[in-house]
Amino acid sequence: MAQAQTSERQATAAPAIELRGISKAFGPVQANKDISIRVMPGTIHGIIGENGAGKSTLMSILYGFYKADAGEILIGGTPVQIPDSQAAIRAGIGMVFQHFKLVQTFTVLENVVLGAEDGALLRPSLAKARASLQQLARDYELEVDPDAVVEELSVGHQQRVEILKALYRQADILILDEPTGVLTPAEADHLFRILRGLRAQGKTVILITHKLREIMEITDTVSVMRRGEMTATVTTAETSPEQLAELMVGRKVLLHVPKGPANPGAVVLSVEDLRMVDEDGVERLKGISLQIRAGEILGIAGVAGNGQSELLKILGGFGHGTGRITMNGVPVDLTGRSSDGQTSRAQGIAHVPEDRQHLGLIMDFTAWENVAFGYHHAPEYQKNALFMDNAALMAETQAKMERFDVRPPIPTLAAKNFSGGNQQKIVLAREIERNPDLLLVGQPTRGVDIGAIEFIHKQIVALRDAGKAVLLVSVELDEILSLSDRIAVMFDGRIMGERLPSETDERELGLLMAGVA
Amino acid sequence: MTRMPRWADVALIPLLNLVIAFAISGLVILAIGENPWAALKIMVTGALGSSYGWGYTLYYTTSFIFTGLAVAIASHAGLFNIGGEGQATLGGLGVALICLSLPWPHWSLALLAASLGAAAFGAAWAAIPAWLQAKRGSHIVITTIMFNFIALSLLNYLLGNVMRPARSMDPASARFPEGATLPTLNDMAAGLGFVWGKNTPANISLFIALLCCLAVWALIWKTRLGFQIRAFGKSEPAAVYAGINPVRITMYAMLISGGLAGLMAVNNVMGEAERLVLNAVEGAGFIGIAVALMGRNHPFGVLLAALLFGFLYQGGGELALWTTIPRELITVIQALVILFTGALDNMVRAPVERLFARRGAR
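Protein chains in written order, with the UniProt record's numbering: chain H, 1 to 517; chain R, 1 to 362.
Calculated directly from the structure, the hints in this document are not laboratory data. Be careful, since some hints might not be right.
Said to hold, decoys possible - Label-pair ranges, simulated between beta-carbon atoms:
#1 H/H320 x R/L278: 40 to 50 Å
#2 R/N35 x H/K101: 53 to 63 Å
#3 R/R358 x H/L74: 23 to 33 Å
#4 H/E272 x R/G137: 27 to 37 Å
#5 R/L18 x H/D147: 22 to 32 Å
#6 H/G287 x R/G137: 24 to 34 Å
#7 H/R434 x R/L278: 49 to 59 Å
#8 H/K101 x R/L18: 55 to 65 Å
All residues carry an ideal CB built from backbone N, CA and C; glycine is no exception.
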C-alpha cells in the first residue's frame, strides 16, 4: 500500500502530531500494536476501523487516559509525556467525545469555562470567555448562544459547545470520535464546514469514524486500523470506499447488498391514525398511518427521537397508544399490557429492537438464554410442565450460531462478551428464525462492523424475498436507501412523506427529516 | 481474554476474604488483652467440637438458610427484601395459630400444616410491599423495613392482648400441644439407633431448609419462572420487551421470598420455643442479607454462608461464656466478615484477577 504522499510544503514542516511505535496490551489482549502515524499541521486525518480495532484505545493514550506500554508521542516534533488529560490539554490536544461531557444544567459559557477558570472568582473568567467565544464564532461558524442552558440545545449545538471548549483551551489538534453519529445530514454538513474552517486556520483535525462516506468527503489522509494494527495510511484522494472497506475487514466487502425488485403481496400490517402520549404528557406520535405488504421493506428515515422508537414499541406490543392497527386483518392490542405482551409475537410480529444492549438482550445472560428470551413460552423450549429444556436450547443456539456465523460460537458465553455485530446476529437469529410475518427492525447495524453489516443486510433482504413484510427504522440514510422498497420519513411524530428510493436522494430526504416538506 | 478460573471465583476469593476478616478480628481481640488463638480455639470447639456445639450451630444455620434464600431469590428479581425479619415474625404467628388450633395427633401432620401456615403468613406479609412496589412504585427497601416494625407491633399486641393465656404475665402464646413437638436431631439419631447429643435445638426443619436450597436452585435456573425472574432482575426494560409482566414477576418473587422467610418460624418457633414469644426471630432476618451477600445469591453459597454464620453465632456465644470477651465483639467479627466478603470484595478480587491474568498471559 502506498504511503501518504505529502506535499512539498508539508514535508518540510514537522508533523503536528506523530506517534512512533505505540503499543498497548490489556492482559493478553494486544489493543494497539506498534502504531505509527504522522499527521501534518493543517490537515484532516481520518482514522477508520471496525469496533475493537483499537481506535479508541489509541485516542485514549493520546488524551492521557491510558499509558502506552511502548512507543513515543511527538507534538510539533518534540517528544511529550501525556500522563493525564490535563497534560494533553497543555500539549494542545482537544477531544470531542462521542458522548458529550457537558453539564446539562449549566449555560454554554459556564460549560466552556468549567475547569479552565482563571481564579477563584468566576466573573472575570466568564467575561473573558464571552469575548473569546464571539471571536471563535466569527472565525469558524461556531455560533452558539453563550447564555443558553445546554440541555435546551440541539445535539448539533451541544457538539459545537464541545468543540468550543477545546478551542477555548487553545487546542491546535482536535480529535473527534464518531462525531456524526447523532447528527442530521444538515448538521453533519455544518460540522464539516466547521472542520474545513479549522483546517484553513492551520488547526489539525483527527476524525475517528466508521463511515466511509465521511472519510471520503472530508479527510486529506486516512489511516486504517484492524485488530490493533495500522494496516495502511493512504491519501484519501487516491483511494476508494471499496478499498478502505477491504483494508478494514481484511476481505472484499459488498457495500451495497444486491437485491432484486420487490414483489409486494397482500397488506400484512395496517396502521391508521396511531397516536401516543408519553408519561410527561408530550404527544410523541401524532397520527401515523402506514401499510406494509408481504414481500416488501418499508424504511422509516428520520433523525433519532422523532417518534420512531415509540412506533416500534407499540408495534412490538409494549407501548401504549391509540388508533387502529391490524396485523393480517386481526386487530393488534394497543394497550401494551394484554397477556404479558406476548400477543404481538403470537400474531407473527418479530422485533429486533433499536437498543439491543438494553432491550434486545440481557447482557449478563448467556447466548442460549438470550435465544430463549421473549420466546421462553414456546412449547419446544419446555422439557415438561415444570422445567425448561435447557439442553435443547443450547443445541438450538449452537445451530443458530453456525447459521448466522456468530463468533465465537459458544452458547454458554455471556452476551456482553460478544462484539456488537455478533450480539446483533444473536438477536437477528432469534427473531428471524421464528419465521415471522412481519419483522420490525430498528437500527440493525448501529455499532456493527462493516463485515457484519453486509451479512445483516443480506438476511433482511432474504426475509423480504421469502415473502415477509419488513419495517426498517434507521438513522443511517445509506442503509435506508439501499435496503428499502419504499421510504417514509418521520419528523416530530408525523410521517412527512413517502418516497421511492429510485426517485429520491439524500438531499430531499434530509429536508423531509428536518421537517421541511 | 483468559479469565479467572471458576474455582478461584467461588472458593479462593471468599476464603481469602474470610482469612483477612479473621486476622483483623484477631488483632481486635489482641487489643482488648485476650489471646486470639485461644479465642479461636474456644469458638471452634464450642461450635464444632461436640455434638452439643453442632446441635446449636445447625439450629442457627437452619434459620439463616431460610432467611438467606429469601433475600437471594428477591435479589435475583432485582428486589432488595430487607423485610425478612418481619416476614419471619409473621411466619411465627402462622405456625402458632396452626399448632394451637388442633390437638395434633402426630408431629408430621403438624409440621406439614405449620410449614404451609408459616410460608403463607410470611408471603402475605411480603405481598403488601411487593404490591406497593409493583403498582405504586413505593420503594421496596423502605416498605419492607417499615413492615418489620409493623410486624413487631402487631405481634406485641396479639401476644399481650389476644394470645396470652389467662393468668399468664408473660407476653407469649400458650405452649403448643405435645403432638406438635418436632423431633430434634438428637431424637432422630436415637431413632436410628445411635447416640448423638441431647437437648440441643437443631431439628428436622434443617432438612426442610436443605430441600428449599435444592428447590430454589431448580426454580432459578431450571424453570421458566426463574428465567423470567432473572431476566426482570437484570433489566426491566428488556424484560418488558420480551413480554414479561413486571407486576406479576415482582409479586411472584416477593411471595416466594416472604414464604421462605416465613418458613424460618418452623425452626425457631415450632422446633425450639414451642410457643410464640416476642422477638423470636432475633435478627436472623438481617443475618439473611449477609448470608445471601456472601453466598452470592446462589442457594449452595447461601448454605455454606449460613453454616459460617451459624458457627459464628454459636462460637461467639461460647466465647462470651468462657472469656472476658464481650458478646458484642462477635457482632464486630460478623461485621468484619460481611465487610470483607461483601463490601470490600473487590479489594481482594482485583489483585487475584491480575495474578491470574498475568499467569494466563505467560
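Outcome of the hint check:
| no. | hint | in the structure |
| --- | --- | --- |
| 1 | H/H320 x R/L278: 40 to 50 Å | 49 Å, holds |
| 2 | R/N35 x H/K101: 53 to 63 Å | 56 Å, holds |
| 3 | R/R358 x H/L74: 23 to 33 Å | 31 Å, holds |
| 4 | H/E272 x R/G137: 27 to 37 Å | 34 Å, holds |
| 5 | R/L18 x H/D147: 22 to 32 Å | 58 Å, violated |
| 6 | H/G287 x R/G137: 24 to 34 Å | 31 Å, holds |
| 7 | H/R434 x R/L278: 49 to 59 Å | 57 Å, holds |
| 8 | H/K101 x R/L18: 55 to 65 Å | 41 Å, violated |
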